[in-house]
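Novice: Each protein sequence line maps, in turn, to chains W and Y.
The opening position of the first sequence corresponds to residue 1 in the working numbering, with each subsequent residue numbered one higher.
The opening position of the second sequence corresponds to residue 169 in the working numbering, with each subsequent residue numbered one higher.
Watch out, some of these pointers could steer you wrong.
[Said to hold, decoys possible] Simulated crosslink set (DSSO-like; lysine-lysine; CA at most 30 Å straight-line): (1) W/116 - Y/566; (2) Y/187 - W/33; (3) Y/506 - W/162; (4) Y/183 - W/77; (5) W/149 - Y/566; (6) W/77 - Y/227; (7) Y/442 - W/149; (8) Y/227 - W/33; (9) Y/191 - W/77; (10) Y/566 - W/52; (11) Y/227 - W/115; (12) W/162 - Y/489; (13) Y/566 - W/162; (14) W/37 - Y/566; (15) W/49 - Y/566; (16) Y/187 - W/149; (17) Y/227 - W/149.
Hints are computed from structural coordinates only; laboratory data are not their basis.
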Amino acid sequence: MEKIVKGKAFIFGANIDTDQIYPGRYLELTDPKEVGKHALEGADPNLVKEFKPGDIIVASTNFGCGSSREQAAITLKAIEVGAILADSFARIFYRNAINLGIPLLVCPKIHDLVKKGDTLRVHMITGEVVNESTGAKAQAQPLSDYVMKILESGGIKPMIRKQIGADA
Amino acid sequence: MGGDRMEDIVHAIEKILAKAAGKDSVVTGEIVNCWVDLGEVNDIYLQTVRSFYEMGGKKVHDPRKLVFIMDHYAPASTILQADNQRQFREFCREQNIELFFDVDQGVCHQAMVDNGLVYPGMILVATDSHTTTHGAFGAFGTGVGATDMAVIMITGKLWFRVPEIIRFHLTGTLPKGVFAKDAILRIIGDLGADYGIYKGIEFTGPLLKSLNVSERMSLCNMTTEIGAKTAYIQPDDITLDFVRGPVKNEFQVFTTDPGYKYAAEHTYDVSRLKPQLAAPHSVDNVHPLEKFIGTPIDQAFLGTCTGGRAEDLAIAAKILKGKKVHRGTRFIVVPASKEVLLEAMARGFMQILVEAGATFVTPGCAACLGTHEGILAPGETCITASSRNFPGRMGSTKAQIYVGSPASVAAAALEGRIVDPTGYLD
């Protein structure tokens, strides 16, 4: 996991559900490259054209609510999201993203401090968020020890491989 | 002595988690690693098989504790869907997983209940957000994604954070035309889609005595729409009478100690509740149905793990017996499971509904998630007995979806517009 993430912000509102993050009609796709072509299509059909690897998604409350589909996390990993900051996350999406090694930070009121295109610098360990375009600062909640352990392993897959001695 | 310290006063959910983690007790917020009694995988999650191999999995930990259910694409509508299901069949053959439910069995949550796989006190994890449904049986049911499920397939266990628990105390009697679905919609509308994130939700109170298993399942099912991790109803005679038939194994009923301190408590008297609808485009945009009376309906959808049980089809049959679905309105009826379909045939609901002009779809998730069997065109309006009305949920993002009770759906099918169902239930 990168300790410092820096990228341009893309802004979303409250209750962005997994049907908007990854519409149901694409669930049959399994190749992550194909899955990545439809990231957040239900909320912003132009996102994939504008989004660059390392850019940051900022949302209001309950990001990722709705279905348990892991494709919602896979699609954001496929576009190489740098980090996702939200006032709060829905629980299954949160687990799915952490399992895939996507850095997520709960950062109350972040949605009000950032507009589209602002450059953000995020310190994943301390939770400090700086809006370099405006100078505004925010403090995210620190990650729990268990979540940090998963992220530092690069996601739960490398962690389990090690645990069961798959690479021994 | 003892028994009066706060840490000795424990909720049934905590007792279930403690037992599954091999611990004497757990505390709120603690991360526990629990043995999972049953892991369920459905057919939009081929990633479970991929993650299993990506993590170095060779043989599943215990093939008897896994069930694979082909429901979201039952039966397949595209070559890709068919190929995903083919790979599941192959995986289950290779891994000696006998609990493979093919495209005839219906929605996972109903099919598991019908087949006696759900019982009080168990830990049930499924690749589906509506796994909270099984709180209706006093089970700890929770939804996860594909990679979490693959961890269960490899190790038999999964980590959980012990949740805060919120109580909803339900009193009064449901008026005619008003159902458990209306009550849970009202709760969601009052508290918002993020109120219960990470929380356990328990329902208590005298109303439960008048709710059958089907309505209890609908209540618990919809708690995921406020973000809940799990739901719980203390097993009683209604629960035990129900599970005694299909469930063959031994199980333990856990109870909450008197004096347990909930993170929050809400009391709802349903006696004066009116039919409710969640209006486009979020499940917490809930208003009394009367606000929308007269709204023209292109499609009425009755089905799913929320509203496709025999009791729901019975209500629709009562409303449509000897009548005709409004010309220009499509009425899609999807029995939640094979058992529901058999009951719908045996009790004549299918005959009544098909004669009335309903389109029957074979058991499964169907149009609920916008993949097939009744998806919506731009500009169309649907009323559904399912759980969600997110933009694009059932097809076009330019379609409008209203979520209501099975009675509200059937009455709208009859009239071709939103009406109060109360007068149609005489």
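Novice: Against each hint, give a clear statement of whether it holds in the structure.
Specialist: So, going through the hints one by one against the coordinates:
no., hint, verdict
1, W/116 - Y/566, "holds (25 Å)"
2, Y/187 - W/33, "violated (42 Å)"
3, Y/506 - W/162, "violated (42 Å)"
4, Y/183 - W/77, "violated (37 Å)"
5, W/149 - Y/566, "violated (42 Å)"
6, W/77 - Y/227, "holds (28 Å)"
7, Y/442 - W/149, "violated (49 Å)"
8, Y/227 - W/33, "holds (28 Å)"
9, Y/191 - W/77, "violated (36 Å)"
10, Y/566 - W/52, "holds (28 Å)"
11, Y/227 - W/115, "violated (49 Å)"
12, W/162 - Y/489, "violated (62 Å)"
13, Y/566 - W/162, "violated (47 Å)"
14, W/37 - Y/566, "holds (21 Å)"
15, W/49 - Y/566, "holds (22 Å)"
16, Y/187 - W/149, "holds (25 Å)"
17, Y/227 - W/149, "holds (26 Å)"
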